[in-house]
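*Asks:* Sequence:
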Amino acid sequence: MKFYTIKTPTIIQKFFSNYRWRFSSVPKEIYLTFDDGPTLEVTNFVLEELKKHQAKATFFCIGKNVKKHQNIYHKIQEEGHSVGNHTFNHLNGLLTKNTRYIENIQQASAYIVSKLFRPPYGRLKSSQARLLQQEGYKIIMWNVLSGDFDRSISPENCLENVLKNTTNGSIIVMHDSEKAKDKIYFALPRILDHFSQKGYLFKAII
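Just so we're aligned, residue 515 is where the sequence shown starts under the working numbering, counting upward by one.
These are calculated hints, taken from the structure and not from any lab test. Accuracy of the hints is not assured; some may be wrong.
Computed beta-carbon distance windows for the label pairs [claimed, not checked]:
(1) Lys565 - Asn612: 37 to 47 Å
(2) Arg614 - His708: 37 to 47 Å
(3) Asn612 - Ser531: 33 to 43 Å
(4) Leu554 - Gln648: 28 to 38 Å
(5) Ile720 - Asn558: 15 to 25 Å
(6) Leu715 - Lys589: 15 to 25 Å
(7) Glu670 - Phe517: 36 to 46 Å
Only pairs whose alpha carbons sit at most 25 Å apart, straight line, appear in this in silico PhoX-like list of lysine-lysine [to be verified]:
(8) Lys528 - Lys717
(9) Lys589 - Lys717
(10) Lys678 - Lys521
(11) Lys521 - Lys652
(12) Lys652 - Lys717
(13) Lys542 - Lys521
(14) Lys528 - Lys678
(15) Lys578 - Lys611
(16) Lys582 - Lys629
All residues carry an ideal CB built from backbone N, CA and C; glycine is no exception.
Please work from the sequences and hints to get the whole structure.
*Replies:* What follows is the structure, encoded as structure tokens:
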């Protein structure tokens, strides 16, 4: 059963206005983001595709994956992309006590040097958000969800989700994880081709 929306409703963006959902920019710019990596095969594929299109992106990394694949993590940065904290163990903030949640983020920060943060599943308590913002973190959400994590949709559906809903300044979520592999291998090259041909630039969040 589908339990998410592809395009984040405007009312949600306004209600949680202290989070970053999209950018308002005059140039034609798009912000691709990749969650849950790094992974050996998929992250390297993503990096190669981005390089082909001279595109930059932001990778919200899980701490335990960075610990395992530090060479890929460093490669992400060496190629001019941004990184962000996605907790050490991919915790759901709504189901986790504040102390443990913040400690898990701090654990990840030993490997991920960044003040960009994206909550796994997009779920965290307002009290957790306040604690993070007091520590200087910027909470980065999204306004377009590709759905590449959803086993019930096809790679074609994933591509369509992005092409139909992306506008100037959109923050798009994809995943450089094994679970999303088939969809990202199909959709990402086509997304990059489509918007590059329309004159868009792919930018990293800083």
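*Asks:* Next step is simple, just say for each hint if it's right about the structure.
*Replies:* So, going through the hints one by one against the coordinates:
1. Lys565 - Asn612: 37 to 47 Å: holds, 40 Å
2. Arg614 - His708: 37 to 47 Å: holds, 42 Å
3. Asn612 - Ser531: 33 to 43 Å: violated, 22 Å
4. Leu554 - Gln648: 28 to 38 Å: holds, 36 Å
5. Ile720 - Asn558: 15 to 25 Å: With a Cβ separation near 23 Å, Ile720 and Asn558 satisfy 15 to 25 Å, so the hint holds.
6. Leu715 - Lys589: 15 to 25 Å: holds, 22 Å
7. Glu670 - Phe517: 36 to 46 Å: Given range 36 to 46 Å: violated, Cβ gap about 21 Å.
8. Lys528 - Lys717: holds, 24 Å
9. Lys589 - Lys717: Holds, at roughly 17 Å.
10. Lys678 - Lys521: Judged against 25 Å, a Cα distance of about 10 Å means the pair holds.
11. Lys521 - Lys652: Measuring from Cα to Cα gives roughly 21 Å; hence the hint holds.
12. Lys652 - Lys717: holds, 17 Å
13. Lys542 - Lys521: holds, 19 Å
14. Lys528 - Lys678: Given that 25 Å is the threshold and the Cα spacing comes to 22 Å, the pair holds.
15. Lys578 - Lys611: The hint holds at about 20 Å.
16. Lys582 - Lys629: Answer holds: Lys582 to Lys629 is near 21 Å, not above 25 Å.
Violated hints, listed in ascending order, are 3 and 7; each of the other numbered hints is respected by the structure.
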